[in-house]
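**Q** Using the hints, position chain B against chain A.
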Amino acid sequence: MRNILVLMAHPKLEHSKVISGLMASINGLENVHITDLYECYPDFNIDVQHEQEMLFGADIIVWMHPLYWYSAPPLLQQWIDLVLEYNWAYGHKGIYLKGKYLFNAVSTGGSPEAYSAKGHHGYQLKEFLLPYKQTARLCNMNYLPPFQIAGTHNITSEKLNLQINDFKALIIHLRDSPNLSDLENLPFLNDFKQ
Amino acid sequence: MENGFLFQAIIYLSAAVVCVPLAKKIGMGSVLGYLLAGIIIGPYLFGFIGEEGEDIMHFAEFGVVMMLFLIGLELEPAKLWKMRQMITRVGLSQVLITTLVFFGILYFMGTGWRQSLAISTSLALSSTAITLQSLKEKDQMNSSAGRNSFAVLLMQDIAVIPILAVLPLIALAATSDVDIDHMSPIAQFPGWLQTLLVFGAVILVVVSGRYIIIPMLRLIAKTRLRELFVGGALLVVLGIAFLMELVGLSPALGTFLGGVILANSQFKHELESDLEPFKGLLLGLFFIAVGASINFGLIGENALMVFAATLSILLVKSLILFGIGKMNKISTDQNLIFAFGLSQVGEFAFVTFSFATELNILNSKTTEILMAVTALSMTFTPLLLLFNERLLLPYIGTKKKEEKPHDEMEESNKVILAGFSHYGSTVGRFLRANGINATILDSDSDRVNLLRKMGFEVYYGDVTRVDLLEMAGARDAKILISAIRNPETNYHLVTMVKKHFPNLELMVRAQDRMEAFELMELKVPHIYMQNLESAVRMGKDVLIKMGFRAHTVHRLAQDFIKYDEDSLVELAKVKNDKKAFISTVRKAIEMQENLLSFELNRRFSLNDHAWDSETIKEGEEETK
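Taken in sequence, the protein lines are chains A and B. My numbering puts the first residue of the first sequence at 1, with every later residue one more than the last. My numbering puts the first residue of the second sequence at 1, with every later residue one more than the last.
Okay, chain A solo, but in the shape it has when bound (with noise of 0.2 Å):
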């Protein structure tokens, strides 16, 4: 059994369906732990040590935010800035990230049509994502493609409900799964089927 470390960023939750539906599916699962960055950080003033020990007990780590402006709220890349030390997370002696997963969990309010050559954003999502895929490849941990809700601003409930039993699924898989390997070759990590 592997330990996931879902680390949620989202400045304004009590606002949000989608991010506070994805954490209540996994909220509870053995061997998964939830940081819930904006009610611990509120101040930005992050214990880095702490979440060096939480990552370095992980698994599996999963970045789940919404994406404003093509991009994670300003806390996750504070989180980011800090936490991956150079010579802890990467460079010469940075080898304690080595080979664990990570991925994002996102949702976007544009559909996932919008997000193409010929969409309205002009790119795919993973093109967006390009800086965190990089980031994970630094520190020697394996990139997974991302898990996306899109469309949020009009999405059904029935159709939300049926996208967070997706990811739950997902992450019950991710921890229990003897091999993941086939899962980075997929455009998104919605595609998993059991």
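Rather than coming from a laboratory, the hints here were simulated on the basis of the structure. Each hint should be verified, as a subset may be incorrect.
With beta-carbon atoms standing in for the labels, derived distance ranges [what the hints assert, rightly or not]:
1) A:Y123 / B:R475: 51 to 61 Å
2) B:H526 / A:G109: 31 to 41 Å
3) B:H422 / A:K98: 54 to 64 Å
4) A:G28 / B:E593: 48 to 58 Å
5) B:D564 / A:Y123: 40 to 50 Å
6) A:K12 / B:H551: 21 to 31 Å
7) B:N437 / A:S177: 50 to 60 Å
8) A:N27 / B:E470: 35 to 45 Å
9) B:H526 / A:K12: 20 to 30 Å
10) A:Q124 / B:D559: 38 to 48 Å
Built from N, CA and C at the ideal position, the CB exists for glycine as well.
**A** Below, chain B without anything else, positioned relative to chain A:
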């Protein structure tokens, strides 16, 4: 055996140790406890102490002397100047009107004008010790009752100068065969010279404060011998007291003056902390002695007269005070506290009565009865205040809770906020601005009335009382915030809540580290040091002005606050090893030292390497 010093000391101390906690337990205040202790061990009940009670009283008057010195220290001349209007409007009118009324009554009852004048001036004075003590215990020092009482007491203190200066002049007119031996050393001089000497002594105290006492204290402080400084402090007080007795003035007044002079010096706090224990003990002794000296034999013979006199004095004084309060627009609640609090005859009366007897203005039997009346009136004051608090105020004053239609009361708030001073009001306003209405508890009736007008749900009374909290919905509330300033009240509140409302989550304001430690010992989970954030914010701005980048300073400040709160926990672990006898002020200084040396060893720099390329450059160099 009975004359042995040890035996005496044991009797006094054990009486105090038994009676004071008992009196406090039933809500009577420590003054009444001491008085009771005195009555119990006095010649008329158990007779453990006999006639020597009066000697003890003389000795214990030094408690009053020291108290006035300490009050003086607290009072900077600038503050006194700021209070001048209240002192004259409320204080002066109290002294003058009360004196006039008593003089009129006595004169028309056929007492000679000299006697009437001596007695009426003495009766006008109230007891500083009793009044201040009970105001402090009830947390009323900053309410309008507290401030006005203080102004009256100050004016009375000042009034003692002319009273004591005038008495010899009256005596001179009264009789020529005065027994010179028993009078103050200057009594053989003619009246005008005595008066001159009195004023000379006062001027001497003022001048020597600056040019003798402060240089002397500075010299002593340099030796760094603590006991010598205590000695020096005692010397100052005793010296002034002696000088005052020499010219026949009240030593209490002289030391008060000395205190005021020293209030602006750098030794203010040192003097305060060194004299505090002496004052407390001697003052306790003074009240015991007052209790013991009540002549129950005499009272028994003239029971009706003594009681009638005491009650009418209390009545007349409180009526006059109430009238003055009304004129100065003190609200009824506060006015009742004000009027009853000051209604007794004060300890100065013991001094003035005996002085007047020595001057042959009063005969000794009159004096004995007057002294009994004085002591009795002091004994009645705490009872009167208790009567006022429990029986009178609940009916005519500000109600503990507002009468509202029942349906409005049903939904009780989840948060209770005790104390709505500056601190508490900020917390309350912030909560209200965000839609959380706290139920407010406060002991200042003026504030309570104002808040009710503004639509707050406010309960009025002593916040440490179980029934008040019960009424305010403590059973169903979730959080109790204590924004109370007085550490003692806080302590009582916390222990009471822990006992009766264990469901309430306590969030408590702490005045300083010492209080924080006490709260930690009570296992209060959330303690808020009242000045921490504001002080660090100021420091931040200073660093920014010194050229630091604002965001770096912001992060340094966050670290510092966290460090400070952690170090509080650390210090709490070591502090119990220290001797329990060092005074609190001393402890605070010591702690400051500890903190400062911790900080020297710990360098405050941000120890993460965020946004810092230096370490990366160095690391890359190494690997090459």
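**Q** Now look at each hint and say whether the structure bears it out.
**A** Cross-check of the supplied hints:
The supplied range of 51 to 61 Å is met by Y123 (chain A) and R475 (chain B), whose beta-carbon atoms lie about 60 Å from each other. Taking the beta carbon of each, H526 (chain B) and G109 (chain A) are about 39 Å apart, inside 31 to 41 Å as hinted. For H422 (chain B) paired with K98 (chain A), a C-beta distance near 56 Å keeps the hint of 54 to 64 Å intact. Taking 48 to 58 Å as the suggested C-beta distance range, the pair G28 (chain A) and E593 (chain B) conforms, at roughly 49 Å.
The hinted range of 40 to 50 Å is satisfied by D564 (chain B) and Y123 (chain A), whose Cβ atoms lie roughly 48 Å apart. Look at K12 (chain A) against H551 (chain B): about 23 Å separates their beta carbons, and that is inside 21 to 31 Å. Judged by the Cβ atoms, the range 50 to 60 Å given for N437 (chain B) and S177 (chain A) holds: they are separated by roughly 52 Å. The given range of 35 to 45 Å is respected by N27 (chain A) and E470 (chain B), whose C-beta atoms sit roughly 38 Å from each other.
Judged by the Cβ atoms, the range 20 to 30 Å given for H526 (chain B) and K12 (chain A) holds: they are separated by roughly 26 Å. Distance hint for Q124 (chain A) and D559 (chain B): a CB-CB separation of about 41 Å, consistent with the stated range 38 to 48 Å.
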